[in-house]
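Chain F is already provided as a structure; the job is to place chains R, L and C on it using the hints.
Number of protein chains: 4
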Amino acid sequence: MEGAAMGTPPIDLDGIRELGRELSNWGRWGDDDQLGTLNLITPQRVSAATRLVRRGARFALSIPADENGPHDVRTSGRFNPIHTMTRYRGDDPHGRLAEFRSAEDMVILGTHSSTHFDALSHLWYDDLLYNGVHHESALTAWGALHCSIQNLAEGVVSRGVLADLPRHLGTDFLPPGHPVRPADLDAVLDAAGIAPEPGDVLLLRTGTLPAQRRGADVGAGGSPGLTWECARWIRDHGIAAVCADNFAVEVLGPAGRGPRIPFHMLAIRDMGLLLGELFDFEGLAEDCTRDGRYECLFVAAPLNLPGGVGSPLNPLALK
Amino acid sequence: MEGAAMGTPPIDLDGIRELGRELSNWGRWGDDDQLGTLNLITPQRVSAATRLVRRGARFALSIPADENGPHDVRTSGRFNPIHTMTRYRGDDPHGRLAEFRSAEDMVILGTHSSTHFDALSHLWYDDLLYNGVHHESALTAWGALHCSIQNLAEGVVSRGVLADLPRHLGTDFLPPGHPVRPADLDAVLDAAGIAPEPGDVLLLRTGTLPAQRRGADVGAGGSPGLTWECARWIRDHGIAAVCADNFAVEVLGPAGRGPRIPFHMLAIRDMGLLLGELFDFEGLAEDCTRDGRYECLFVAAPLNLPGGVGSPLNPLALK
Amino acid sequence: MEGAAMGTPPIDLDGIRELGRELSNWGRWGDDDQLGTLNLITPQRVSAATRLVRRGARFALSIPADENGPHDVRTSGRFNPIHTMTRYRGDDPHGRLAEFRSAEDMVILGTHSSTHFDALSHLWYDDLLYNGVHHESALTAWGALHCSIQNLAEGVVSRGVLADLPRHLGTDFLPPGHPVRPADLDAVLDAAGIAPEPGDVLLLRTGTLPAQRRGADVGAGGSPGLTWECARWIRDHGIAAVCADNFAVEVLGPAGRGPRIPFHMLAIRDMGLLLGELFDFEGLAEDCTRDGRYECLFVAAPLNLPGGVGSPLNPLALK
Amino acid sequence: MEGAAMGTPPIDLDGIRELGRELSNWGRWGDDDQLGTLNLITPQRVSAATRLVRRGARFALSIPADENGPHDVRTSGRFNPIHTMTRYRGDDPHGRLAEFRSAEDMVILGTHSSTHFDALSHLWYDDLLYNGVHHESALTAWGALHCSIQNLAEGVVSRGVLADLPRHLGTDFLPPGHPVRPADLDAVLDAAGIAPEPGDVLLLRTGTLPAQRRGADVGAGGSPGLTWECARWIRDHGIAAVCADNFAVEVLGPAGRGPRIPFHMLAIRDMGLLLGELFDFEGLAEDCTRDGRYECLFVAAPLNLPGGVGSPLNPLALK
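Protein sequence lines correspond, in order, to chains F, R, L and C. By the count of my numbering, the first sequence reaches residue 398 at its end, each step adding exactly one. By the count of my numbering, the second sequence reaches residue 398 at its end, each step adding exactly one. By the count of my numbering, the third sequence reaches residue 398 at its end, each step adding exactly one. By the count of my numbering, the fourth sequence reaches residue 398 at its end, each step adding exactly one.
Any given hint could turn out to be false.
As the list claims (entries may be wrong) - Partial chain L-side listing against chain R, Cβ under 10 Å, derived: (1) Glu146; (2) Asn147; (3) Arg153; (4) Thr163; (5) Thr165; (6) Arg166; (7) Asp170; (8) Gly211; (9) Glu215; (10) Thr219; (11) Trp221.
In case anyone wonders, no lab produced these hints; they're calculated from the structure. All C-beta atoms in this analysis are idealised placements derived from N, C-alpha and C, irrespective of residue type, glycine included.
In isolation and in its complexed conformation, chain F is listed as follows:
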């Protein structure tokens, strides 16, 4: 295979703009909307999704938030989570030893440095964010005034459907730069017996980062993931959110001509689509393979962060 993202059709900025207008959800849920495609998860969908739980099995979909995270601050500017004890011998708050002892700790977290949701204020182009708000009005040193992650404080609760691509392709993980195209999504979900429904959360397993954490040689080069074409597929199926176990949901090839992350530009800014990154589906995928059911109750509650443009997260799948 020559070229890491072989098979990804090219798109330029004008192409993105045109497709963005076509797929746009601006105004669809009101001029003041800050939720985007999460509007597709109606209370009925929430309620129906809870009916998917049969065995009471729970799966954490997060990677450990620690210094072994996937970032190299020297190249990406994102540092891995820092966790430090601040008390562990057990002085009481005034240094005197009380009859009990206690321990405390703290975390320093880039909101995008471990498993996380991107707030819709995370990314834009042509000066405007989702729903047409100018970035200078939306984003201040004091946080996002528009589309902050706090809008999701009540959580994302819906049906999760697992697209387990490596399993479908009979491999442990997708190779570097492997593009996932709409037909691939159709095929993997079809084989899983899943017909996508409006409000679904698409759980995209590539297997790459989890394999890397386990010490596997996953190859150099870009991340496997969705091509920009999948934006229309997502729109057509009414998907409310896409969560993936890679860096950026979308395929990352070698830096070349054209915009580097066209899917992000269309998804976050034009469609108002919620993206989740650096997930871990290993445990869930194993269970799905075992019982042949590729759907679950998905529950993810970002921290209640006023002005946040993202949030660390520990999403759950229940079956």
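The following block gives chains R, L and C in isolation, referenced to the frame of chain F:
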């Protein structure tokens, strides 16, 4: 009412030790157990709890994790959450402006400084933590090796039952130092039509901190909350976790003779009981009053923090 | 005295622009200069200043960098320094106890939240920073590419001259909003027997914040300090830096018409003047009063922070 | 050369204890002393050191405090400095754009993660710190109550003498694990025309870490540095502080039998000797080679950190 915690019977360290032995869950779920009373939430309980969702209504049970938090670092040593933008004009990672723009941010959080769970490694006495592990083996500068919050990565999912004490007493919030005793719990739950069951998460509403956030004068003095007697009540009913909208779940009176937080000592160390603090039940309580149903699906997933002795949290209630 | 900053003549944005052009040092030390008035401190001045040390007395000019700092993050967005132990019982790096024990800690510091220097990249107007560089070229998410504090890594070493205003006026500290005008500077230095020379560091004592730290009631309202007129006085005398024991060197009155910090605008952006804030001159001032010598060797080395727009600092005075 | 620290004579814990008693400075400057060997820098020494400045040349002795620091948090538990902009587009504190614009930033620093001094509370053995204080009294979650770095707030000002070992040996940097023994110190200083005097700050250049920062292959294995024998040499010459451009001042060989850092144990705990680490002497050393003068005015002011067990630092050398 004279004395902030009037009506709280005294207990000394020997009394705690004796009661602790009686209520102890050490060994009950194995010598290596690190989950404590969460063992009471069986998969069947998880599954049954999801059946409580009827309308698909969602409630965030967290306070905003921001600088308006309840701590004064000068007196308590706990600082309020710090949220700061680290990029908002949109340079790409190498300072060059790309065709898109993005924003990023970070948070610095004491794990006990906003809505949180206490890991069972948070507190102990007589050198031993829950299940008899010595604090020097359990707690290191690198985090908790025993009973870290990471044991809860798969989340706490069970029935939540709301004990709305101020509503029951016809007030907006409990007065400073108001003790909540076993008979009070019986009365408020009985009036709500709730019969506690093993594995339940008790949601204790005092109304105090939320009222204070809204600007109300809640009086000086200690926090209202559970007396140490409630430990036995909790054991008898098989409660898996207690979450409250105050500082410490339990009543805090003026510093006086005797251990200051006897309930914590019994609950965390002897019973292995999960405690959640600084919750906000205002929205949920309003809804419960409206529809007369004081139970919900409770879902709370702490961050996936290796070695954490607590975790920031955005718990959800679904009805 | 009516009006906090009574006696401060008004100036509007156009007035600042005009005076800025007059006082401008752009190009004076080359088109690429990033040091501004620090160029006035020649090696000869450095050497001469060291001759001022007679007794070998040393004075720290910093306030403690701790949670008792002067900021209220809820109003100013600046949080006070956070210092936390990260190890104190003494595990070795792998949790095993070695034959020795050690303790470690960390600090989280806003670079302007305690005693600090402002880098010349800290403030600008009309889009251009000192020496005419556009703020979008100068400032990125990765730090300042122009006029970062790292340019001062070799330290500021020169003669310091103390303008002890409260002592001169026979009071403990200047009242709120008290304006210090050029004639006041002349008077106080003249009384101290100091003739300003090019390259001098002006140490401006108001006494206000130190008094507040000691618990004194310093009154409400703005900070006493320099009026914008002093910019010309500073230019005329070749002052290389001004350091003060208040928030902003300059006088802060009640928010009203006109630019709020005109002196900053002229000093940092047009003159390239180094400003130091939140200093503490109490010990030095006492000593100067005692021996009648109001000059010292001033040595201040900001941290070696690539891209920093300021730096925490512990400046020294030697006599 | 076989064995990284070839030539280092072995010492065991009992040997350290015995030598520690011999070299001990406990009580020498009073039972309450917290300064240790800094007492050797009398005001006369401070004053005399300022006379060493002839040309007004200044040298920063720090490495950049940034993410390119020498630590790998995954192995050492120490993270490199984090610097992040918190404002750079220039909103005023309430999000409204004022007539000026400003930028702000913050740093998160382990106090030992970049160029730093070790406070005397940083390390101990047999439960007692310098001057016989028990570690449980000295060190709390609130910081060091004994021998905190704040005791050094007035700075360290004395003669600095450069021991430029690689230049003396005609190499760019010392090889991994190269031991520096008392005779080596005598030889290098003698060749430099330096006779050590009480109160001197010994500046130990190995060249290793600076070479590594420049991209040189410095070899694997431990750090070159002082052997424990040098403790007596330092005591005999009345050296007040030792600063080095390596991790730990002393030689680090492969983990083997015996205490790993015997020099630290003797120096910090028994002698109360100030150690500075991760310095950079490259610029100073070049200058010394050029003019043949290996002495300078050394000025280093740690941050004013109450309770700190170390401090980031930007030390200066003046000639």
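Does Arg166 of chain L pass the interface check with chain R, least Cβ-Cβ distance below 10 Å? With a closest approach of 4 Å, the Arg166 of chain L hint holds.
Against chain R, run the beta carbon of Arg153 of chain L and see if the smallest gap drops under 10 Å. Holds - the Cβ of Arg153 of chain L comes within 10 Å of chain R, reaching about 6 Å at its closest.
Using the nearest Cβ pair, does Asp170 of chain L come within less than 10 Å of chain R? Holds. Min distance 5 Å.
Status of the hint placing Trp221 of chain L at chain R (closest C-beta pair under 10 Å): holds (5 Å)
Thr219 of chain L as an interface hint toward chain R, with CB separation required under 10 Å: Cβ of Thr219 of chain L sits 4 Å from chain R, so the hint holds.
Restraint outcome when Thr163 of chain L is required to lie within 10 Å of chain R by C-beta distance: Where the cut-off is 10 Å and the nearest Cβ of chain R is about 9 Å from Thr163 of chain L, the hint holds.
Going by Cβ atoms only, is Gly211 of chain L closer than 10 Å to chain R? violated (20 Å)
Thr165 of chain L as an interface hint toward chain R, with CB separation required under 10 Å: Hint on Thr165 of chain L: holds, closest Cβ of chain R at ~6 Å, below 10 Å.
Hint validation: Glu146 of chain L versus chain R, beta carbon distance must be below 10 Å. Holds or violated? holds (5 Å)
Does Asn147 of chain L pass the interface hint, meaning its C-beta sits closer than 10 Å to a C-beta of chain R? holds (6 Å)
At a threshold of 10 Å, is the proposed contact between Glu215 of chain L and chain R supported by beta-carbon distances? Hint holds; Glu215 of chain L Cβ to chain R Cβ min 8 Å, cut 10 Å.
Violation of the numbered hints given earlier is confined to hint 8; every other hint is satisfied by the structure.
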